[in-house]
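**Student:** Hey, can you piece these two chains together into the complex? The hints should help.
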Amino acid sequence: MSEPPGAAVSLTEAPPSATDAPSKPLAAQRVLPLRRPGRWIATAVVLVLAAQFVHGLVTNPFYQWDRFGYWFLRPTILDGLLVTLEVTAYSAVLGLLGGILLALARLSKSPVLRAVSWIYIWTFRSIPLIVILLFLYNFSALYQTLSVGVPFGPAFFTFDESRLATDIVVAVVGLSLNQAAYAAEAVRGGILSVDQGQHEAAAALGLPKGYQFRKVVFPQALRSITPNYVNQLIDLVKATSLVFYVSLLDLFGAAQTMGATYPGDIVPLLLVVTVWYLILTTVVSVVQFYVERYFARGATRTLPPTPLQKLRTAVSDLRDRVRREAAV
Amino acid sequence: MSTETLQIVPAAVEVHDVHKWYGSHRVLDGVDLTVRAGEVTVILGPSGSGKSTLLRVVNHLEKPEIGYVSVNGELIGVRKQGDHLKELSERAILAQRSNIGFVFQNFNLFPHLTVLENVAAAPVATGKLDRDEAHKLARELLDRVGLADKETAYPRQLSGGQQQRVAIARALALRPGVILFDEPTSALDPELVGEVLAVIKDLAKSGTTLVIVTHEIGFAREIADRVVFIDGGKIVEQGPPSEVLDKPRHERTRDFLSKVL
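As given, the protein sequences belong to chains A and B, one line each in that order.
For the record, in the first sequence the residue sitting at position 79 is 79 according to my numbering, with numbers rising by one throughout.
For the record, in the second sequence the residue sitting at position 22 is 22 according to my numbering, with numbers rising by one throughout.
These are computed hints drawn from the structure, not numbers from a lab.
Remember, it's a predicted structure, so these values are computed and weren't measured experimentally.
Using N, Cα and C, we set each Cβ at its ideal position, and we do this for glycine too.
The hints are all genuine.
A few chain A residues facing chain B, derived, Cβ under 8 Å:
hint, residue
1, 205
2, 206
3, 216
4, 219
5, 220
Cross-link-like lysine to any residue pairs, in silico, SDA-like; alpha carbons within 25 Å at most:
hint, chain 1, residue 1, chain 2, residue 2
6, A, 215, B, 95
7, B, 259, B, 238
8, B, 63, A, 196
9, A, 209, B, 63
10, B, 201, B, 214
11, A, 109, B, 66
12, A, 209, B, 135
13, A, 215, B, 150
14, A, 215, B, 90
The shape of chain B in the complex, shown without the other chains (with noise of 0.2 Å):
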């Protein structure tokens, strides 16, 4: 915003062929998607249909058997060695998730930890920022999340809105290229959606990388540049919500979405 601290180089991701397998059922059946940078795109689908797991695999929570994740051109868990992609080591994959912030449906907020420390603790641990420099960016981020007088309290003193915010902030105290969200209202009360949502579209007209997996398709038309609707791990169409959303071109599309709305 105002602060120098929260500028933001939006990141480009691509996903290229993407197979992954849990045992001997295949969750993602080839999935190609390209996200430019600044664009806001929202993954929809039926449960089971992969899209957690493709949100889990651009960070490398889940690794792809097949397939790999870049973002800005950088590889993400591998490394190209001749025809191969080679894993990275643990400690690499650690440092490349800086720049890839994630958020969860259940919030994860460490709870022995306040508010604050929350927020400012990756910078301190990963050595972008001294513990001073961290708590100011963590203090920004919680003003601009609407949370600035609760720096001192637990998470589960908060509600499940707050908690969520905080949870945002705790994500962009990495300055991230790409913000990930998995369904991230989805384990809120329907009256406390609305302010997640609020610092989600703040998010979105500031011109950050975001990717959102969600089931709240009013949200996805009015924020979303690119809507993907993905069923049986593959993508079955993707476009800009007046398409998607409003002329599916697909029945899978059309069934789900009379289901939906």
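Only chain A is shown next, with the shape it has when bound in the complex (with noise of 0.2 Å):
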């Protein structure tokens, strides 16, 4: 070749003026990651942060741990617990089947239903959930009694209203009304997320319409409807402290009952209702997790990992590090 030096670059050959060329083959050099000082620094930063705050938390009489302790399982709390549990529990149960139906509303070709659908979402998406149960609260006064018959024609039953609308009833009425508003958005957005070409299919192979939507389309449309229903569920089980509006002792009810007689016991009471209410998240998160893993059967060729498996993955990556460490 008639280039002139320098010019032309060999893949083959290290130039001949590299001093410290390599020896061996460049395939049997062993790359040296990166150091990355900015990254350790930072780390550090934080855990001395974390370190400061956590100490804090433990030795700052502010908090009195003794008393946390003293309330942590008390009878009046988990009886609380036990309230929130239960109007959580009926309130998401319900709120989910009239999201679905509120979502098939809107989805539905009849301009009634849609405007209806609509209207419902707009309204109880308007009102602080606090004046919804208020108003529940005082429905009472308002409706003395409730009856079962034809509209505007004769009743066959008759309920007497304060009998039937009890604290409880309130609560899940009132939680159910503004979840089932938030959920039908999360329900259509899930049925929407469904590829067209399922509902085609479903169609050209002739299946019923209620198998076409409960077997085919929204099994897919879950998966999509999970992550939002359950950030909603997270938001529920908190908006269950407002029905202590409603005279009813939840566990932050319960708390905040015991903190009027025990006034110097407020903070930990907090710290109580606090740790409980993490605990509850974290369960719904867990459960998530797998209601999610669940629903990405056939969506991703392999599912993601628990997090057992993530950590067997760690502990062997690591292992198989160590070793290639110790070979060089």
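**Tutor:** Given below as structure tokens:
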């Protein structure tokens, strides 16, 4: 070749001018990972701050951890926790069912159903939950009896509203009405995310309409409904603390009442409430992970690993790395 | 094949003066087509010519504004009422579709169900077979399309060619009198086209009525009893492949063939 020296780059031979030319062929040379000092410094700073925070949390007498221990498993608190769980469970199920109906109405071909659903969602997303609850609480004064019968015609059953509307019913109805409005949008989004081809394939196979929804569309929609709905579920767990204002003693209500009786224990009582809510949210998140994993069947070629599987892979990766380092 | 469960009685299809608009755009402009029982018809035409719409009208995925389709003399999606045609209920239309198989370009398998469940779903859902019978039938059909070992896989774990073969088995599970193919190999890598065409060829030999929209001219020549060339929502010409493909009479057919061959 007649090119001037230095212009041509040879891939097979090291440039003759280089003094530190590799003695072994390149393939056998170990590549040293890039060192990242900035990352180490940032890690150290964050660790120091975190340690400081935890130290303060443990040693500051303001938190009164002994009183926390006293209150954490008190029957009053546990009764409140039970009420919270009960109200959450009923409202979550009723809210989801209502949300599915509202979503189907909004996606239906009937303009009346679409409008009614839209107005419902608009109304209940607009009114603050506390207002809905207080409204329902005073409902029995507005409508003293509830009847089942022909609209504008004779009634078959009549209920005395004040007997039907116990505190827990008011709380569940209020939270469900609110939850359904938000769930409707999560469900609608999930249904819209299912490919049009799936509807067509189901229709072309002549699958009955109900079967199409239950076995083809909804299971696929659930994959994107789950994260959105769980988000609302976590909101719901905390929103139950509002039922205290319709004189129901939930977890927060129980702590609040005890706090009124023992004013010196307010902070430990709030900590008790916080830790219980943290536990509830954790449980919901763990359940969410496995529910999402279940609905990922078929959507991805391999399922996402469980935390245990992740840990195992991490350990074996580390072992491999140590072995490699030792070998060099 | 060998077992009685796979017996299919081929059906005849008649398309009578079908017109179809999308808004102000006329997609089908008076299409008449007769497909005899057991015949293999290939529909060719440039993109946007209305060939897919025609196929979708046959199983009433699209409703024609004028005209009708009948399969073995039974009107599809409508019934006669005096001088008029009246739309059938959705339930009745769904029931009619079990005699009309449809294979999509993009397979449209149900991704959350296993291969076996995909094939067995329709006979169970429509009450034709119980679960065990449907699974037995599904296994036979998967064997027929060469995928007996894939029954527990999910569709996304399969190649495109395998997915399309599952989709064909799924369409066969209702033992339809006619099977419609909407560009069954257009979404496939070239080296996977052959395996799907082989399955369709096998069906053609077994005497099932097939209507196939495709761009595979060589395949059309090989298996079609009749080739239909459609353009601008109208049938331009039709006849045996030796005429339409080798001695086209119309300028537009010649023009189209010169571009795709």
